[in-house]
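J.: These protein sequence lines map, in sequence, to chains A, B, C and D. Each residue of the first sequence is one higher than the one before, starting from 40 at the first, in my numbering. Each residue of the second sequence is one higher than the one before, starting from 40 at the first, in my numbering. Each residue of the third sequence is one higher than the one before, starting from 40 at the first, in my numbering. Each residue of the fourth sequence is one higher than the one before, starting from 40 at the first, in my numbering.
For the record, the hints were derived by calculation from the structure and aren't laboratory data. Incorrect hints may have been included.
Copies of the same chain are indistinguishable here, so a pair counts whether it falls within one copy or spans any two.
[As the list claims (entries may be wrong)] Below, a list of computed lysine-lysine pairs in the DSS-like style, where the Cα atoms sit at most 25 Å apart: (1) K302 to K238; (2) K238 to K176; (3) K312 to K176; (4) K176 to K371; (5) K136 to K174; (6) K240 to K176; (7) K363 to K238; (8) K302 to K176; (9) K174 to K240; (10) K302 to K174; (11) K174 to K312; (12) K238 to K98; (13) K240 to K302; (14) K136 to K154; (15) K154 to K130; (16) K98 to K371; (17) K176 to K332; (18) K136 to K176; (19) K371 to K130; (20) K98 to K136.
Number of protein chains: 4
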Amino acid sequence: MTLRFGVVGTGAIGREHIQRITNTLSGGEVVAVTDINQESARNVVHQFQLNANVYPDDKSLIADTSVDAILVTSWGPAHQATVLAAIEAGKYVFCEKPLATTAEGALSIVEAEVKHGRRLVQVGFMRRYDRGYVKLKEAIDSHEFGAPLMLHCAHRNPEVGEQYTLEMAVNDTLIHEIDVLHWLVNDDYTSIRAIFPRKTKYALSHMQDPQIFILETVGGIVITVEVFVNCKYGYDIQCEVVCEEGTMRLPEVPSIISRKDAKLSTEVLTDWKQRFIDAYDNEIQDFIDAIRKTGQPQGPTAWDGYIAAVTSDAGIRSQQTLEKEPIQLCNKPDFYNH
Amino acid sequence: MTLRFGVVGTGAIGREHIQRITNTLSGGEVVAVTDINQESARNVVHQFQLNANVYPDDKSLIADTSVDAILVTSWGPAHQATVLAAIEAGKYVFCEKPLATTAEGALSIVEAEVKHGRRLVQVGFMRRYDRGYVKLKEAIDSHEFGAPLMLHCAHRNPEVGEQYTLEMAVNDTLIHEIDVLHWLVNDDYTSIRAIFPRKTKYALSHMQDPQIFILETVGGIVITVEVFVNCKYGYDIQCEVVCEEGTMRLPEVPSIISRKDAKLSTEVLTDWKQRFIDAYDNEIQDFIDAIRKTGQPQGPTAWDGYIAAVTSDAGIRSQQTLEKEPIQLCNKPDFYNH
Amino acid sequence: MTLRFGVVGTGAIGREHIQRITNTLSGGEVVAVTDINQESARNVVHQFQLNANVYPDDKSLIADTSVDAILVTSWGPAHQATVLAAIEAGKYVFCEKPLATTAEGALSIVEAEVKHGRRLVQVGFMRRYDRGYVKLKEAIDSHEFGAPLMLHCAHRNPEVGEQYTLEMAVNDTLIHEIDVLHWLVNDDYTSIRAIFPRKTKYALSHMQDPQIFILETVGGIVITVEVFVNCKYGYDIQCEVVCEEGTMRLPEVPSIISRKDAKLSTEVLTDWKQRFIDAYDNEIQDFIDAIRKTGQPQGPTAWDGYIAAVTSDAGIRSQQTLEKEPIQLCNKPDFYNH
Amino acid sequence: MTLRFGVVGTGAIGREHIQRITNTLSGGEVVAVTDINQESARNVVHQFQLNANVYPDDKSLIADTSVDAILVTSWGPAHQATVLAAIEAGKYVFCEKPLATTAEGALSIVEAEVKHGRRLVQVGFMRRYDRGYVKLKEAIDSHEFGAPLMLHCAHRNPEVGEQYTLEMAVNDTLIHEIDVLHWLVNDDYTSIRAIFPRKTKYALSHMQDPQIFILETVGGIVITVEVFVNCKYGYDIQCEVVCEEGTMRLPEVPSIISRKDAKLSTEVLTDWKQRFIDAYDNEIQDFIDAIRKTGQPQGPTAWDGYIAAVTSDAGIRSQQTLEKEPIQLCNKPDFYNH
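Isolated chain A, as found in the complex (with noise of 0.2 Å):
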């Protein structure tokens, strides 16, 4: 059974998945695309060669029977909608982050799901499915080296655009921290503090940056995450891990070793896309063993994408008090703790 995919969005990153799903990937097929710019849909199709129909709308496409999973890679305030329309019709959704644009509307999606009573979503934080996260949780989980105390961490940019907001900052560069990091721990967040750094010269007048942030968790950990979106020098994303027996960080990205001008050098990635190209390939083909194999999605949940709303919420009001935000989740519906 090859999985077909409908695509909502054929931007960027759409096109991206389309190519993954089409000439990387093993058992997905795309059978249907849309986007508000239509042209950009039959373009698409024409690009990668694919046997797809373009539709006008989502819904139209969702209701395509020959569609079996919807992937939302549309513009972020457009998410909600399309995979509340596909909850409905008991289709399978791959939603880029963010899952929702507000708290409110991620819960109305969780609140879907589990009235429809098996899983169909999954959100697109592909860090989960980075090999140097999974061996970092694997060594966690395997209690060797007692239990996680603090994490300190880096999210670092070579440089932002003019577009780019203070909020951002959060909802769009911290939001891959906030959801990787307590499924790496296993706890949930208490509170998020936003502190202000002095900012680089190369900062946009409108920005404060760098940040740096600290969450707490239920559990006690404390956890710094530096976010600098024009450090100019790569993208660099740091983790370490400091436990009661040790500690773990992420491996840095391989590159060969080279000794030349006084320098002993490694390369540093500039472009993000690189960093977590397998990542990316990996989420998709685990969202298509899973339901081929088990008839859900295994990776991260709608109730993921929850937390990351809620904590995205609070770091957002940290930036403009200063002050540690409480960071407050509704219960958890026992259908996510399988």
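Position chains B, C and D relative to chain A; hints supplied.
T.: Showing chains B, C and D alone in chain A's frame:
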């Protein structure tokens, strides 16, 4: 167009390739299998739920008009005949190493392919598809480091079984360096010399272990390769290229970086399959993609298989003489200088 | 001219300094010793075969006209009186940390030295003499990396004894970071906040361990310091400086690089004495050399001792309040802006 | 007791040793100097404010009864006569490499010392005092890694001047590996072979550069040493020891770790003096300390100087023949097997 494979040999390596074509890669399908052990062939069809015919022998499998490409994963001594039959039938061939067990056999395949007039054959030297070697080659070809002068390499296995012979150190182990290194530096070998250091206490009684090989090239590059098949600590492949302006080394295999028990450490692999798992995927995907896009494979050629056979023979002679043994190739057909 | 030392306090650290002055360094000699335990003082003379007088107390030792410099290695609470007496006598002083146990005490030393009109005092903050920190400072001062924005530091001990108190995490452990970091970035602290993560199971029952401290500077630099005194795995000092153009970290302690038992590893120290052994040598040698060449010490000043005391007090307050505690220094005498 | 040095030869290396004895080390003093350039000798006394006599030649300096130890830092061909004269006078000698320019010369010193009946001579092979090599030796001697089987070494200089000759690659450059490696593995050499790879474009026209040397030992250890004196990128000394249970390498020279311009890098030295600066200090301090404590030096012996001379001669022969040249030592006097 899906590339339809007929698989000759359904042992361990055959099953791995069937697994990746079926469940991991894109654009290929296994439609026919055969094995001298027919039970094994039938089991594979069942195990991977293939929609594939089981044939009594390679000849009948090759004759199946629904088969586009022959995957040769049988016992080494059987490779040559199958490859020649496939060429005769004008079918693509992906042949695991060795292409043939003698230089003459490899040359007969070269001649058959030249006569056919178009590339059909790719040899399974997967290291050329390893990201580390690819990056080394890019760096060498960029001339940023000047001309390569020396290579220092090591091929270390944790241990080998009783069936491992002195000759296998060359034709089963060193063979990978033999192929990848001349490709890396765009040069041909002129000689090889074996040196036997003190034996490790873990050496099999009939074996010399470790061994050192010195290869020299037409351009004067000197290559030292340590082959150490009972090194105990892990599976470890090292390659340092010393150029006029600097040096480059293969990356270490990425691993989380831990601090524990007074050690700062990363993991060394012990299972060779893990080391080149991506390279195995990449070589078959490239074979599929190149044929689909260009009508012929782009990977290691029958000529490369011939080079490996001639060099391997000289290496085995030097294990007896401990002298510098010349490596003489016949004239390279223009066919392979595309 | 040999610099003739009188040593006040012949306990462990006193003996180490006597050992290095006598057997390792150049240009110094121990000519007088005292200790509240007179037996200890006499033993030291014998142990190191010193040609030195044993005095009943610091006053009489300071009065010895053959003594050029007082080395204060007594119990912390006794430092202030000895240093003031030495200044009164116009003698050089090398005082182990703390300069005084209160900010007021440190300030009284500053005032005495200013009144004297010439530098006499150096405080034993040896990290400024560690090659790694020196290299970091050179890189910062070169402006090659732009302005420093954030520092991420860790101070980890394998374990501490029962006598270790919550306050000591600040005034005995963090104190080293307090001194070296403001020197490193040429800036003054404005606040400190303690954060208490989940306790390690190895924490003493009366202790919080680990702890995190956030320091901020006049220039807006934000410094995170993890203090973890039962980290088990080793003695490990980390410091990463994040600047506008890039980042820099302390080197790892050099160690042979081994591959064994499926690990690629280097050693982590477990004994703190090993970590800064060269720095200890360097600070005393510099004290000797600077006085011999320029007539006054060039290392950490009484003012630095005062900064450490004020910051330490604020850190201890924050351990109680878990709030951001302000750090307010009185006006810096011009005397210290040479 | 202070060890009183008479220095024969006040050129660059002589001045460095005078500087360290006078201003860095403990327990030594320069009380006499001589140089064939008397002006140079007088200048040194003034430059370092020595309280030292200037002598017209080595003989008169050795005769000075206030001189305990002769530091031989003259031109290489002059070493032998001075050392023999010092032994004749029963004085300690620290002799820079080479001990003598011929194997016969070195042997005559061995014989003179044996006749004297007590160790007087130490040869300036400073690498044995480098922390990295010391740690390697400790690890080898601990037998934790099993027996050493192979060593892979590199000796790289950024560049050499026009006066550098083919032979100097052996007797001035490789000589350091020759000495330190047999000490490291507690073994004697049996042969050496030179291999000439492709020349770098930076090689002097009269020179072969790089060169590879293969040394073998009585115990069967095979040692590969790359000597590359115009490697451009830095001064870099590498040594990997491959044992039965694992491998060990020299640490990289510690340096701050920076991330900038898409590179993660550490510094490689370009000035050889920096590389072994601590080792130079340590060898002279050990010479002083050992004599003061035990009445004789404990460092590299005249016999080690003889081994270096014999091995060097064989290496130079192999540069001509490119054959494996035997290394034959006369019987080792029991005197050196303490």
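J.: Run every hint past the structure and note whether it holds.
T.: Verification of the hints:
1. Only between protomers do K302 and K238 lie at most 25 Å apart by alpha-carbon distance; the minimum there is 23 Å, versus 30 Å within a single protomer.
2. In this assembly of identical chains, K238 and K176 lie within 25 Å of each other by CA distance solely across copies; the values are 21 Å between and 34 Å within a copy.
3. When the C-alpha separation of K312 and K176 is checked against a cutoff of 25 Å, the pair qualifies both within a copy, at 23 Å, and between copies, at 23 Å.
4. In the homo-oligomer, the alpha carbons of K176 and K371 lie at most 25 Å apart inside one protomer (22 Å), although the nearest pairing across protomers, at 50 Å, exceeds that limit.
5. When the C-alpha separation of K136 and K174 is checked against a cutoff of 25 Å, the pair qualifies only within one copy, where the shortest distance is 23 Å, while the shortest distance between copies is 33 Å.
6. When the C-alpha separation of K240 and K176 is checked against a cutoff of 25 Å, the pair qualifies only between copies, where the shortest distance is 20 Å, while the shortest distance within a copy is 37 Å.
7. In this homomeric assembly, K363 and K238 come within 25 Å of each other (Cα to Cα) both inside a single copy, at 21 Å, and across copies, at 20 Å.
8. Proximity of K302 to K176 under the C-alpha cut-off of 25 Å is restricted to the inter-copy arrangement: shortest distance 19 Å between copies versus 34 Å within a copy.
9. Within a single copy, K174 and K240 get their C-alpha atoms only as close as 37 Å, which misses the 25 Å cut-off; across copies the closest is 24 Å, which meets it.
10. Taking CA atoms no more than 25 Å apart as the test, K302 paired with K174 passes between copies only; the shortest distance there is 15 Å, against 30 Å inside one copy.
11. Taking the closest pair of Cα atoms, K174 and K312 come within 25 Å of each other both inside a single copy (21 Å) and across two copies (18 Å).
12. Taking the shortest alpha-carbon separations for K238 and K98, neither the intra-copy value of 46 Å nor the inter-copy value of 52 Å comes in at or below 25 Å.
13. In this assembly of identical chains, the alpha carbons of K240 and K302 lie at most 25 Å apart only when taken from different copies (21 Å versus 27 Å within one copy).
14. In this homomeric assembly, K136 and K154 come within 25 Å of each other (Cα to Cα) only inside a single copy, at 22 Å, whereas the closest approach across copies is 56 Å.
15. For the homomeric pair K154 and K130, the shortest alpha-carbon distance inside one copy (14 Å) is at most 25 Å, but the shortest distance between copies (55 Å) is not.
16. Taking CA atoms no more than 25 Å apart as the test, K98 paired with K371 passes in neither setting, with 30 Å inside one copy and 61 Å between copies.
17. Within a single copy, K176 and K332 get their C-alpha atoms as close as 24 Å, which meets the 25 Å cut-off; across copies the closest is 40 Å, which misses it.
18. In the homo-oligomer, the alpha carbons of K136 and K176 lie at most 25 Å apart inside one protomer (22 Å), although the nearest pairing across protomers, at 37 Å, exceeds that limit.
19. In this assembly of identical chains, K371 and K130 lie within 25 Å of each other by CA distance solely inside one copy; the values are 23 Å within and 58 Å between copies.
20. For a Cα distance limit of 25 Å, the shortest separation of K98 from K136 inside one copy, 20 Å, qualifies, whereas the shortest one across copies, 53 Å, does not.
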